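Read top to bottom, the protein sequences are chains P and D.
All you need for my numbering is the position in the first sequence, starting with 1, plus 1381.
All you need for my numbering is the position in the second sequence, starting with 1, plus 359.
Simulated from the structure, these hints should not be mistaken for laboratory data.
Please note that the accuracy of each hint is not assured.
[To be verified] With the C-beta cut set under 10 Å, the calculated list includes, among others, these residues of chain P facing chain D:
no.: 1; residue: 1478
no.: 2; residue: 1481
no.: 3; residue: 1506
no.: 4; residue: 1507
no.: 5; residue: 1508
no.: 6; residue: 1520
no.: 7; residue: 1523
[To be verified] Here are a few chain P residues that sit away from chain D, every Cβ distance over 10 Å (derived from the structure):
no.: 8; residue: 1413
no.: 9; residue: 1418
no.: 10; residue: 1419
no.: 11; residue: 1438
no.: 12; residue: 1440
no.: 13; residue: 1441
no.: 14; residue: 1470
no.: 15; residue: 1497
no.: 16; residue: 1502
no.: 17; residue: 1511
no.: 18; residue: 1545
Quick caveat, the model's predicted, so the values are computed rather than measured.
The beta carbon of each residue, even a glycine, is placed where N, CA and C say it ideally should be.
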Amino acid sequence: MKTLWMIAVAALGLSATAARAEGIPVTYDPQVITACLSAKSGPARSACIGLGAAHCMTVDNAGSSNAGMGFCFGAERDDWDNRLNAAYQTIVAQDGKMDAELKELGSAAPPQVPALKEMQRAWIAYRDASCTYEMSTWGGGSGAGPAGSQCEMQLTGAQALRLIARAEQLEGDTQ
Amino acid sequence: MRAGALLLIGLAAPLAAQAQGAGADFDPAPLESCLSGEGDPASCIGKAAENCIGGDASVTDRRACYDAERALWSDRAATALDSLRQAAAASDAAQIVAGKSPSGLQGAQLGEAEAAWARYRDGACVYGAALQGEGAEAEEARCLMRKTAEHALELQDWAATLSAQGKGGTQ
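Assemble the whole structure, with the sequences as input and the hints as a guide.
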């Protein structure tokens, strides 16, 4: 099934990411997470993780199959990944400005942007290793695929919320 | 198999002793009573350290309070990790006996996940602390406590899921 999907993607000449966004066989609405994030603040926002996938599973009975569940978890993972990247870009820009100012002043403080990049690289390795472990606990059963996507959704959501909080703090400082 | 957990406990114990030695007024009760309640356990992170710090405290005392709470979370992480290691060993043994490929064995994956987590924790706390100037030491201790707590809750979730589903040892 997955192989057929990959062949279809290759034949259309699309990247896997584009295909996932455009040709996804489930209905995912990013507005569910957006509404939750505007209604909540601080640590309470962690309750938003999983709501987009849960909503997706109620549409067209997607939650009735392992494949449908996997696609819904994957769609919410991609949604958090987009939010994470947007927050990360904001932080890189703000920290980069501060690094430049401190350098101008002759400060001995270590620059922030390299530490930020190192942290994010380490986070990606941690997410991948954790979710590979999580999948290994399913012993190759049919639940492993959806469980891996759910794990990635949860960890990506948690990291997105940390970076969003940091980006909001930095934006608040400059206003 | 318990070596890793004992190592963690071994690291945690001197931290707690150091905190008490610093004269910090540390009581684990605020954390423990929060965790025994119905709410989200993540909302309990920092309760004992905040109580220990009180209104105002020196950087040294704040750091000691965070280190003392970190030791509590390290114990919880070690207990959960021990049960995950046991489940992984049982599952891996069953896979090998069944003649299945040893690739992707749980014990090895768990070890890699732990190592990757430690690198992420260090990276995250270096990034957070460097911003703080004179409070950097306390901020780093707060960050290490928070990351250790988040990871302990994650390991506890995995251990609870494994035992609830009867996964791990029987496949």
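Numbers of unmet hints, in rising order | 1, 2, 7, 15, 16 and 17
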